[in-house]
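Going line by line, the protein sequences match chains X and R.
Under my numbering, the residue at position 301 of the first sequence is numbered 1306, and the numbers go up by one with no gaps.
Under my numbering, the residue at position 144 of the second sequence is numbered 223, and the numbers go up by one with no gaps.
Source of the hints: derived by calculation from the structure; they are not laboratory data.
Keep in mind that the hints are not guaranteed to be accurate.
According to the in silico footprint, chain R covers these stretches of chain X (three or more CB under 8 Å from chain R) [what the hints assert, rightly or not]:
1) 1273-1287
2) 1673-1682
Covered stretches of chain R (in silico footprint by chain X; criterion: 3 or more residues with CB under 8 Å from a CB of chain X, positions within the stretch not fixed) [unchecked claim]:
3) 134-141
4) 157-166
These figures come from a predicted structure and were not determined experimentally.
Glycine included, every Cβ here is placed at the ideal spot set by N, Cα and C.
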Amino acid sequence: MALDTKSETRQFTVVGTRPLRPDGIDKVTGRARFGADMTAPGMLIGLVLRSPHAHAKIKRIDTSAAEAIPGVHAVVTRADFPVIGDNDFIADILDNCMAGEKALYDGHAVAAIAASSGAIARKALKLIKVDYEVLPHVTDVDAAMKPGAPVLHEGRANETVPEGMSSNVVARYEFGHGDIGAGLAGADRVLERTYRTEATHQGYIEPHACLAQMGPDGQADLWCCTQGQYMVRDTCAAILGLKQGQLRVTASEIGGGFGGKTTVFLEPVALALARKSGRPVKMVMTRSEVLRATGPTASSSIDIKLGMTKDGRITAGFAELRYQGGAYPGSPVEFGAMSAFAPYDLDHVKTVGWDVVTNRPKQAAYRAPGAPMAAFAVESAIDELAKGFGLDPLEVRLKNAAREGTRASYGVTYPAIGLEATLRRAKDHPHWTAPLGSNQGRGVACGFWFNFGGNTCVSMNIAPDGTVNVIEGNPDIGGSRASMSMMAAEELGISYDQVRTVIADTASLGLNDVTDGSRVTFAVGLATIEAARDAKREMCKRAAMVWGIEEDAVEWKDGAAHPAGPNAGSHPPMTLAEIAAIASNTGGPIAGHYEVNAEGAGVSFATHMVDTEVDPETGAVKILRYTVFQDAGKAVHPAYVEGQFQGGAVQGIGWALNEEYIYGADGTLQNAGFLDYRIPVASDLPMIDTVILEIPNPGHPYGVRGVGETSIVPPLATIANAVSAASGVRMADLPMSPPKVLAAIKGA
Amino acid sequence: MSRIHVTTTINGDPVEYLCDPEETLLDVLRDRLGLTGSKEGCGTGDCGACSVTMNGRLVCSCLVLGAEAEGAQIATIEGMAKGETLHPLQRKFIEHAALQCGICTPGILVAAKSLLERNPDPTEEEARYWLAGNLCRCTGYDKIIRAVMDAAAEMREAS
Ligand code: FES
Ligand code: FES
Chain X
1006 MALDTKSETR QFTVVGTRPL RPDGIDKVTG RARFGADMTA PGMLIGLVLR SPHAHAKIKR
1066 IDTSAAEAIP GVHAVVTRAD FPVIGDNDFI ADILDNCMAG EKALYDGHAV AAIAASSGAI
1126 ARKALKLIKV DYEVLPHVTD VDAAMKPGAP VLHEGRANET VPEGMSSNVV ARYEFGHGDI
1186 GAGLAGADRV LERTYRTEAT HQGYIEPHAC LAQMGPDGQA DLWCCTQGQY MVRDTCAAIL
1246 GLKQGQLRVT ASEIGGGFGG KTTVFLEPVA LALARKSGRP VKMVMTRSEV LRATGPTASS
1306 SIDIKLGMTK DGRITAGFAE LRYQGGAYPG SPVEFGAMSA FAPYDLDHVK TVGWDVVTNR
1366 PKQAAYRAPG APMAAFAVES AIDELAKGFG LDPLEVRLKN AAREGTRASY GVTYPAIGLE
1426 ATLRRAKDHP HWTAPLGSNQ GRGVACGFWF NFGGNTCVSM NIAPDGTVNV IEGNPDIGGS
1486 RASMSMMAAE ELGISYDQVR TVIADTASLG LNDVTDGSRV TFAVGLATIE AARDAKREMC
1546 KRAAMVWGIE EDAVEWKDGA AHPAGPNAGS HPPMTLAEIA AIASNTGGPI AGHYEVNAEG
1606 AGVSFATHMV DTEVDPETGA VKILRYTVFQ DAGKAVHPAY VEGQFQGGAV QGIGWALNEE
1666 YIYGADGTLQ NAGFLDYRIP VASDLPMIDT VILEIPNPGH PYGVRGVGET SIVPPLATIA
1726 NAVSAASGVR MADLPMSPPK VLAAIKGA
Chain R
80 MSRIHVTTTI NGDPVEYLCD PEETLLDVLR DRLGLTGSKE GCGTGDCGAC SVTMNGRLVC
140 SCLVLGAEAE GAQIATIEGM AKGETLHPLQ RKFIEHAALQ CGICTPGILV AAKSLLERNP
200 DPTEEEARYW LAGNLCRCTG YDKIIRAVMD AAAEMREAS
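Extracted from the complex, chain X is given alone in its bound form (with noise of 0.2 Å):
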């Protein structure tokens, strides 16, 4: 699928406005229903039992206090579940939501109880005794990585691994081009540097939650709250032994997700005490096992090499990323390694990636999953040798910036690219030049996202009278039904109101993958396009049926078929509420479909730029002013792109100075709640201004790019140059809380 030719011109007329989204009214008057708004007759409470300690053995574990509370009507262990062959994948999953010899992590789920009502729940699972032993843990990455750490798994090491290493490392990655070693005696200064971030939590509100029912004919219904409900149903058929076809996965409305609902931790649970129970069981999760139980994204610790001449002419690159990813092989280094230079033109460039267990839950994906620590690490060092040099950084980045045509770091070259873009408007924006006061410094960082296509169905529905509905299978995380009711109307010619877009249950429409890799817009965007461009041939066909013309003499133009050419003769437009009325005589209902596997996501870049007091009293840092510069290709709903950018700033902004996993010697959470588990809240923030550029991705008909991710990529490192220029001190360890700053400080 290309960028239509004529789209650099194209004047839109629905895309690029701002209409209001249809579930807003649901949404604004609490009848939008959640993970957990839902309830089913004769339903029973589940809960989970975790456990206390981050690594042990469990010898035995006895239900049978539990099993004879009157109420308790089924207990599930690792037992009840069956044996999964060799896919590691699925076996790492059902391992997380219900641990098999061993605990692996502090709040690991290690057996399940559904009952009458929720207090009869509480008290069972009191009742419920295992036998642990205590083993050693390890929770930090560099610790794990050493000879004689605490082992989680023997033979997870895949083939990348050298011999000699801890059995907790679990694979390597390496991407580059060039020779280092020469582009770095080209320097005129060479910088090495380690960065460290802690782990922090995607900290959506809305904790995980699913309601199960499953019949002794082995059709199940599950309702939850998930980026994907495809990918619910088939890791949950997976685990459960269940064919994908009888399990009918229903999302409901999602409260935040960030990646952190990309896979199951309650759904095979629900499920399979559904069938031992043969009743429905709901499951919600409390906050604090939210964060001591799902998936956090990994902490890291970076070392980086870069070189630089003092012109600002960066002559090589060099980033070793080792990341935690909890339990489980799967940390996002992969993604570390590769998008840590990405936005930069460089002869010589390699990073080096290490994948780590340690005794932490297992990670999931959080927003642009492993680029955030990455480019805090590349965009720190670049502002530190720019300022030792007294150059402008905005300047240096431009000078090493990739544009179309760079063959980038991770091996592919660049199609038309707006990092270039976001960089001069950058430069060229009042809040570059504002004045600051004391204690006061501004930073810039750039920041780079693949984003991600992926498989993708899409119907629409030409109701008799005119109207449409759009079916789309991912979950409206943010707006996107707008969105495509938006692209569906552009391509008909028809007015937003027209048109209306459901989200399909996984037995009413084939396979969409998750809502994740910022693909909503681009892939059901394209999908959506393709689908009115169908309905749009069957409509032209039904005209020329009624005008007794050649299908190709129709042309669809402005919401109407239109005869065109010269053998068409002349026939008044036929509007399409005009073809839908009289369907039933001309063919049938009309539909369009559309389905692929999309390619062409189109990366996206941007530049931050942020203004931070920092209280050389206390070591708090105060964000006075924050500007996004943002490639989103086509805004198809400009408000929602703001919201992104805006959403995932603050959520970086988070990361750079508050939110932290902290776990204590004995390896348990200590701060598993909102009260210490700090995010921002108003109080914190300033207004977040937004530039949104467009320069068009060529994969798509409107030249939409993803949007979601890339915002959190820049915070971490915008910050920590901002708190370098107003207090001297480089923070090189995650998050900037006022204790580090202060002692920095006061050791600087």
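Fit chain R with the ligands to the given chain X structure using the hints.
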């Protein structure tokens, strides 16, 4: 354990229920009365998703016992629109795209309404501090604050 009989008023409607002594008002609203517009983001008073007013005072319903509602006037998100007419805050939230996922929205609307009843002309900073107990992870608060300020301006003009 015997249940407690409670007679109260919710969004103007007389309501009676039986609840356990340790049951929260949020659980009563959601699980006994089917008023699932109030959300549970934490259950510990830290997120504001469960915000309701009790006798005009903004509270986290997860920190109030169901039994404490005896004789009280409770207002929840379900009572905010009057028939087909949305409250100006509700309308402005949609117009300003002040919600992405919408899970925080009911609590923030209840809290913002409570602010404007006390202070019809808040500064941006006052609005930010009043809403500091309501977490939103999606929006970065920018559009929420704009929607609140715009609704306040419209309500001042109308009154
Ligand atoms: S649920 Fe009551 S404050 Fe979070
Ligand atoms: S809109 Fe999602 S938490 Fe506020």
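Results for each hint:
no. : hint      : in the structure
1   : 1273-1287 : violated (count 0)
2   : 1673-1682 : holds (count 3)
3   : 134-141   : violated (count 0)
4   : 157-166   : holds (count 4)
In the structure shown, a violation is registered for the earlier hints numbered 1, 3, in ascending order.
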